[in-house]
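Fit chain B to the known structure of chain A by using the hints.
There are 2 protein chains.
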Amino acid sequence: MSETATLSVGFIGLGIMGRSMAGHIQRAGHALHLYNRSRGGAEALVAAGATWHDSPGDVAAHSDIVITMVGFPADVEAVYLGSGGLVERATPGAVLVDMTTSSPELAQRIAAAAQARGVHALDAPVSGGEGGARDAKLSIMVGGSAEAFERAAPVLRLMGPSVVLQGGPGSGQHTKMCNQIVIASTMLGVCEGLAYAQRSGLDPQTVLSSITGGAAGSFLLANMGPRMLKDDFAAGFFTEHFIKDMGIALHEAERMKLDLPGLALARRLYNQLAAKGHGRDGTQVLFRHYQA
Amino acid sequence: MSETATLSVGFIGLGIMGRSMAGHIQRAGHALHLYNRSRGGAEALVAAGATWHDSPGDVAAHSDIVITMVGFPADVEAVYLGSGGLVERATPGAVLVDMTTSSPELAQRIAAAAQARGVHALDAPVSGGEGGARDAKLSIMVGGSAEAFERAAPVLRLMGPSVVLQGGPGSGQHTKMCNQIVIASTMLGVCEGLAYAQRSGLDPQTVLSSITGGAAGSFLLANMGPRMLKDDFAAGFFTEHFIKDMGIALHEAERMKLDLPGLALARRLYNQLAAKGHGRDGTQVLFRHYQA
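Going down the list, the sequences are from chains A and B. Numbering follows the numbering used here, with no gaps: position 79 of the first sequence is 79. Numbering follows the numbering used here, with no gaps: position 18 of the second sequence is 18.
No lab work stands behind these hints: they were computed from the structure. Don't take each hint at face value.
Treat identical chains as interchangeable: a pair holds within one or across any two.
[Unchecked claim] Derived DMTMM-like pairs: lysine to aspartate or glutamate, alpha-carbon spacing no greater than 20 Å straight-line:
1) LYS276 with ASP259
2) LYS257 with ASP203
3) LYS230 with ASP281
4) LYS244 with GLU254
5) LYS230 with ASP203
6) LYS244 with GLU130
7) LYS244 with ASP75
8) LYS276 with GLU240
9) LYS276 with ASP231
10) LYS244 with ASP281
11) LYS257 with ASP281
12) LYS137 with GLU77
13) LYS244 with ASP259
14) LYS276 with ASP232
15) LYS257 with GLU105
16) LYS230 with GLU105
The shape of chain A in the complex, shown without the other chains:
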């Protein structure tokens, strides 16, 4: 299977990110097979030649590689392990790739169930958000066997330049958890620093000009700081999805007997914001907590 071979690629979950990601695969010349809970997300891709199916299992029956990008771990579990789902209906030797941010433990169960049927499974969550999906700039963190990775990697690279095998099943999800854990407390730092700037009567923009290039500098300070200061809380990444991710990470950390107080603090503050109706705001809405 070379980089240039034409494959039948299934894609399940055509939200804002999934649609962009499937588009990159289609434009590379692969035959797309689609399923989504609502047909709307598939229209443009179908118009460009993709084949619609009425269930995830039907997609799997027609695909060499199946990619999923759905919402929550419960959705992943139903699509993969449910009756008539992907593991049951995948063709022998197919590679199933879950790009949803989901539970490492579930990824391991899926990989085991797939292996029992002669099917490969990878967990391959991404970072980079809507912009990364649109511009094929995602960072893709993969867990699974080297053999399955080799087969799926050429398709994954259509969605981003960084496609890294992190280890066995679940390792992609664990790596994504690391990413989200770092983000959670970094966001606390950005919000607290800028809240202090505002409260002490400084011009926060001028403060940013002094601190962004140094040891306090981060992607979030440079990119989310200015949005916070403009009261721009439009979602690049939904607060409610971040809360889901933090919940998975805290659950896994608990299993490992690892205490992560920064993450626990961030989750608590985000939960308070979601309770106030900010679940569909972007994660930079944490700044609101400090303006109350």
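Relative to chain A, chain B alone:
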């Protein structure tokens, strides 16, 4: 006063950073007047032509601009406001520049006391650490009058390219507090993400390769992450100094009725580490908390 005029510049506090900073001023051709608690730190500069004085006040009596880089706010207060100190002995029209990270409130008191004697005072703490001091790459955050800033800026620019007037007296210190507040929780995030990586059996270096370039990316993740993983806790910036800075920031936030739980958490963990003897380790030693 042009950028090329030769000035008499006083420098008080010749620790590792102060020595480097004074050296840049000397090499630019200005006449240096020095005082330090121990004479050792001054030897190389004196050998290169600087003049030693036996007290901070004597330095002030011979200088157009006096720079201080001492340890704690109590040291700043003694040097500036003590009997025979800088404010009392400065020549009329001189500019006193405190580059110590210190209290905004103290900076305001010094500025007022200086003004009452016809002397200018600026607070101008830095970020960039030993490396920034050595390579003249400091970011310098200044509070005070525009007039005093204009007079001191050419000398400050010898120590770093970013010299920004942030507002009136105390604004430099407030800006430095913003910097430290952002760093405190960002460091939490870096430590927690890498601790999770280790505990979950991932290769943390491979994890860094997936997450450093994205939304989790920061100066600290890129620079301190690899040191943490090598158990390299040598000090670029001492934990005990960071604890001092966090204490000032929390005190100021309390005065402003601003609750900063991320900062409070970081200070608590750092205090525990200092109690275990890590005060002279670098701030990346926070990682140790998660390895206990």
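* At 20 Å max between alpha carbons, let me know whether LYS230 reaches GLU105 within a copy, between copies, both or neither. => The answer is neither: 40 Å in one copy and 29 Å across copies each exceed 20 Å.
* Asked: How would you classify LYS276 and GLU240 at a CA-CA limit of 20 Å: within, between, both, or neither?
  -> within (12 Å within a copy, 39 Å between copies)
* To do: Could you place LYS230 and ASP281 in one of the four classes (within, between, both, neither) given a Cα distance threshold of 20 Å?
  => This pair counts as within: shortest intra-copy Cα distance 14 Å, inter-copy 39 Å.
* Indicate which option fits the pair LYS257, ASP281 if close means a Cα-Cα distance not exceeding 20 Å: within, between, both or neither. => This pair counts as neither: shortest intra-copy Cα distance 32 Å, inter-copy 26 Å.
* Is it within, between, both, or neither for LYS276 and ASP231, if the alpha carbons may be no more than 20 Å apart? -> This pair counts as within: shortest intra-copy Cα distance 16 Å, inter-copy 42 Å.
* Asked: With identical chains treated as interchangeable, where does the CA-CA distance between LYS244 and ASP259 reach 20 Å or less: within a copy, between copies, both, or neither?
  -> Within one copy only: 18 Å inside, 26 Å across.
* **20 Å Cα threshold - placement of ASP281 relative to LYS244** => within (14 Å within a copy, 36 Å between copies)
* Alpha-carbon proximity context of LYS244 and ASP75, limit 20 Å -> Answer is within; shortest intra-copy Cα gap is 13 Å, inter-copy 49 Å.
* Could you place LYS244 and GLU254 in one of the four classes (within, between, both, neither) given a Cα distance threshold of 20 Å? => within (15 Å within a copy, 32 Å between copies)
* Asked: When no copy is named, should LYS244 and GLU130 be tagged within, between, both, or neither for a Cα gap of at most 20 Å?
  -> Only inside one copy: LYS244 and GLU130 sit 17 Å apart there, 41 Å across copies, limit 20 Å.
* Check LYS276 against ASP232 for me: Cα-Cα at most 20 Å, and say if that holds within a copy, between copies, both or neither. => Result: close within a single copy only, 17 Å intra versus 43 Å inter.
* Asked: From the Cα coordinates, with 20 Å as the cut-off, is the pair LYS230 and ASP203 best called within, between, both, or neither?
  -> This pair counts as within: shortest intra-copy Cα distance 13 Å, inter-copy 39 Å.
Checked against the numbered hints listed earlier, the structure breaks hints 11, 12, 16; every other hint is satisfied.
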